[in-house]
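Protein chains: 10
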Amino acid sequence: MSTQPSKEFVTFPNPRPGRRYTITIDTDEFTALCPVTGQPDFATITLEYVPDTLCVELKSLKLYLWSYRNEGAFHEDVTNRIMDDLVKALDPLSITVTGDFNIRGGLRTRVEVSHSK
Amino acid sequence: MSTQPSKEFVTFPNPRPGRRYTITIDTDEFTALCPVTGQPDFATITLEYVPDTLCVELKSLKLYLWSYRNEGAFHEDVTNRIMDDLVKALDPLSITVTGDFNIRGGLRTRVEVSHSK
Amino acid sequence: MSTQPSKEFVTFPNPRPGRRYTITIDTDEFTALCPVTGQPDFATITLEYVPDTLCVELKSLKLYLWSYRNEGAFHEDVTNRIMDDLVKALDPLSITVTGDFNIRGGLRTRVEVSHSK
Amino acid sequence: MSTQPSKEFVTFPNPRPGRRYTITIDTDEFTALCPVTGQPDFATITLEYVPDTLCVELKSLKLYLWSYRNEGAFHEDVTNRIMDDLVKALDPLSITVTGDFNIRGGLRTRVEVSHSK
Amino acid sequence: MSTQPSKEFVTFPNPRPGRRYTITIDTDEFTALCPVTGQPDFATITLEYVPDTLCVELKSLKLYLWSYRNEGAFHEDVTNRIMDDLVKALDPLSITVTGDFNIRGGLRTRVEVSHSK
Amino acid sequence: MSTQPSKEFVTFPNPRPGRRYTITIDTDEFTALCPVTGQPDFATITLEYVPDTLCVELKSLKLYLWSYRNEGAFHEDVTNRIMDDLVKALDPLSITVTGDFNIRGGLRTRVEVSHSK
Amino acid sequence: MSTQPSKEFVTFPNPRPGRRYTITIDTDEFTALCPVTGQPDFATITLEYVPDTLCVELKSLKLYLWSYRNEGAFHEDVTNRIMDDLVKALDPLSITVTGDFNIRGGLRTRVEVSHSK
Amino acid sequence: MSTQPSKEFVTFPNPRPGRRYTITIDTDEFTALCPVTGQPDFATITLEYVPDTLCVELKSLKLYLWSYRNEGAFHEDVTNRIMDDLVKALDPLSITVTGDFNIRGGLRTRVEVSHSK
Amino acid sequence: MSTQPSKEFVTFPNPRPGRRYTITIDTDEFTALCPVTGQPDFATITLEYVPDTLCVELKSLKLYLWSYRNEGAFHEDVTNRIMDDLVKALDPLSITVTGDFNIRGGLRTRVEVSHSK
Amino acid sequence: MSTQPSKEFVTFPNPRPGRRYTITIDTDEFTALCPVTGQPDFATITLEYVPDTLCVELKSLKLYLWSYRNEGAFHEDVTNRIMDDLVKALDPLSITVTGDFNIRGGLRTRVEVSHSK
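Here the protein sequences line up with chains A, B, C, D, E, F, G, H, I and J, keeping their order.
Residue 1 is where the first sequence starts when you use our numbering, and the numbers rise one by one after that.
Residue 1 is where the second sequence starts when you use our numbering, and the numbers rise one by one after that.
Residue 1 is where the third sequence starts when you use our numbering, and the numbers rise one by one after that.
Residue 1 is where the fourth sequence starts when you use our numbering, and the numbers rise one by one after that.
Residue 1 is where the fifth sequence starts when you use our numbering, and the numbers rise one by one after that.
Residue 1 is where the sixth sequence starts when you use our numbering, and the numbers rise one by one after that.
Residue 1 is where the seventh sequence starts when you use our numbering, and the numbers rise one by one after that.
Residue 1 is where the eighth sequence starts when you use our numbering, and the numbers rise one by one after that.
Residue 1 is where the ninth sequence starts when you use our numbering, and the numbers rise one by one after that.
Residue 1 is where the tenth sequence starts when you use our numbering, and the numbers rise one by one after that.
Hints were generated in silico from the structure; no laboratory data involved.
Glycine residues also receive a C-beta, built at the ideal position from the N, C-alpha and C atoms.
Any given hint could be a false lead.
Said to hold, decoys possible - One side of the interface only, derived from the structure: several residues of chain G facing chain I at Cβ under 7 Å: (1) Ile25; (2) Asp52; (3) Cys55; (4) Leu58.
For reference, chain A alone in the conformation it holds in the complex (with noise of 0.2 Å):
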């Protein structure tokens, strides 16, 4: 298996897959770039799912993220895309996905985004 950043997601077959039920992951180790003035952003990323018929692997998982580590990424806009890219690969039966970025200027913002088939 790969151990360079990529934006592709390793998957497996859901052990259960007429069952509906829960996998939550979350890591306070997500930074990417600030689009306008290219400093260096910190964020918790959280993401909850009901799997259909496929599993994110955790260490496919763990490079996706790192691949945002020297790119651009606006807060509302990166969480979406985490969750877009996830729904493409997984097609969950519902996903949440949240971004909780550190303190700037005083602010700390948080974006949830959530789908459903």
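Chains B, C, D, E, F, G, H, I and J: place on chain A using the hints.
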């Protein structure tokens, strides 16, 4: 972009205009003057909104909140005013503004105002 | 304005009379006397209301709570009484009053009372 | 009033009999004996009820909980028994009793029982 | 009673068979092996169920969780398996099992599975 | 024993008079009046002492603290006074009294006074 | 080994007799009776000792603490007694015992006793 | 007494002039302007002093801190200045002033300054 | 590098050999077997050391702690053993190892061992 | 002033050069690459120093920490390096730098380095 306190918001186009999702911004750096005694009041302000076509730009939000620094403002009134100004600027699908004011006379006051189209 | 304990509330006109919004006020500075033993009781009082045409002025609320300092008051009764007095003075769209009383005999008691038009 | 452990509750008339409101009482001072090993168990007990015509007097509740001190009691059974005894004594509009038992063998057990008319 | 790890549960009759009530048991002492690397994984397991005619005996639950100690187990699969085994043994009215797995590669994973008759 | 507020302490003989050990008692149920405005003040009082031949009886300490309920008391002065009274009654090997007063005008005040033979 | 409450400790040889190191044991499962009112008291007991040639066996410590369950015990006295009994049984290089007793009459009491060779 | 911001302190005589004891006052309601950008900064200020013959009156301390509201102030400089002004007004036996400044650019700064006779 | 449990440490040269500085590593993923009952024990292990010429490599430390997984280990003994093994491998200027063991029979045990050249 | 990552610090003259006082700055926005795997590491960095004639300017400190973003850095080495660079730039009376690195393989590492003239 201005760096002076201002009642005008700068907005930018919602990057996912057809999707309902939530943006939450909070700060503990709000201060205004008590209209009765003229003395400083302090509060934590939280806004949570579902954007329609526009989002509020963070720096202009900071300048907006700064604009109350030397104005008199009652707790109940100023929380409503902040929400009205955001509704006028963003016309969001829904919005909630909360003002959580520091203890005065042993009493802590929180005002929560909501609006939806 | 008086600075003596008083069962009268001072009110002011709701600055947004047609809008449903919530005002929450709490204090850990409530004390009364136990009607059985005459000894002091202490509680945290929280009130949360949706104003109709009137709001309660903070200082008069403080003087009102002070008025129980040397009166006997059962936990269940005094929480109901505070709410009844606020309903009479403010006629709010809805209100909840909570009294959270300090441990006595290893037991902590919380009373929560609600009313709505 | 007795100061001995007792399975009898002392009650007093609900001061606002026609109004639905909630009384919550909790204590971390409950102990009984394990019926299998005879060794002491410890729990936090919470009761939350909507009174009809009667409320439970605090001191008698303390004496009631004390009465389990030297009795054998299974977690699931004793939580149900406490609720049944309170229902018999108070005939409340609704009631929930929770027993949160200390860790045994690395496992913490919580039992929550509810009843309503 | 055995004191060896075992996939068999010991049960006892529900002391209040006709009443819906909830039993919650949690432990931070679950460990299994990663099926890919063979290295130990650690998790907090919570089970919350409404018993029908049977309850699970605490010590046998401990021995059951112990039985995973030297087995390979994927996060998503093992949480489902624990619930399936409990459903088979207890046939509860409803049950939720949660596995909250320690950080690996900066990512924390939580799996929540539910079933009801 | 009296159940009225009183400036007199009841003492009992130290059960281990030749050994240096520490007794710490704290309460968040202290209230007095502001000598300037006449309005109630609230504080948490902590006392920590090494007894010589006498210990303070808990109930009399409660009655002592109660005796300030309707007296005017400056923060700095009352903390010193409580210590002086305890020194006079107990003549301890050493003692520290702390008064941690609730927020007034946004400012929280803590006074800590010590004495040793 | 006995499973009855007992004032006798079981000890085992210190596995590193020539080295100064610290063993700390705490429990929130201590209960005794108030010698004045006969009602149950509850406390958290902590012991921290540097063993010489002997260590205390955990189960016998549990049975020892259990032995106070139906005995009268003043806060100051019982904490000293627990330490004296441990000193007699273990003859440690040094030891500190702390009893942190639950709130009575709004007052929380902590007694800390130390001894060293 | 004035209710306007002022660099002058009001003092009162230490009620126990010959005794060393400590007064600690803190507030999270300090705000000044960044001398570089002109934008508001926020900090929590703590002062801890051992009075000699004078104590600082609380209200005048509040007015003093208010006086920085529309002045430029570097973190390191303003914390030193507050201490120097208190030393000049109170001539205390010892004093420590801490300024804990809100996050700017992801960095939180705390400045701690001490003085003693 | 091996990925099997092993009592051997991998070390690397201290990057600043002449400077006294501290490295602290902790993990809540330690488990061994109780030598009396054979059942699993769990602990949080913390090590804090001042390196001389060698540092411990993180992955080998993980494999070392893993090596206790199926061994019997008394609390007091295993904490001493971990320190002895680290002293042998690293010969540090000083080191402290703490084992904080999960509650058994209501008692939580913490063992702290230190060594210095 | 530059807005690019840089190993150069900007300094400014200590506003109180003859006085010993402490400046503490911390941030959870430090990230570098693991020199072995090339994958991102994250840490909280704290620096606490007593300035002599120079202080570090906040923005340049941010740019300095940013400069590690795409460099390989061992935990022990990078913490020492940050301190050495600050000592070279500021020549402070004393300084402590702490790097608190996120969990890897279940292990959390903290490195603390100090220097004084």
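Each hint tested on the structure:
Interface hint at G/Ile25: satisfied, since its Cβ lies 5 Å from the closest Cβ of chain I, which is below the 7 Å cut-off. Violation of the interface hint for G/Asp52 is found here, the shortest Cβ-Cβ separation to chain I being roughly 13 Å, above the 7 Å cut-off. The criterion of a C-beta within 7 Å of any C-beta in chain I is met by G/Cys55, whose closest approach is roughly 6 Å, and the hint holds. For G/Leu58, the interface hint holds, the least distance from its beta-carbon to any beta-carbon of chain I being 6 Å, beneath 7 Å.
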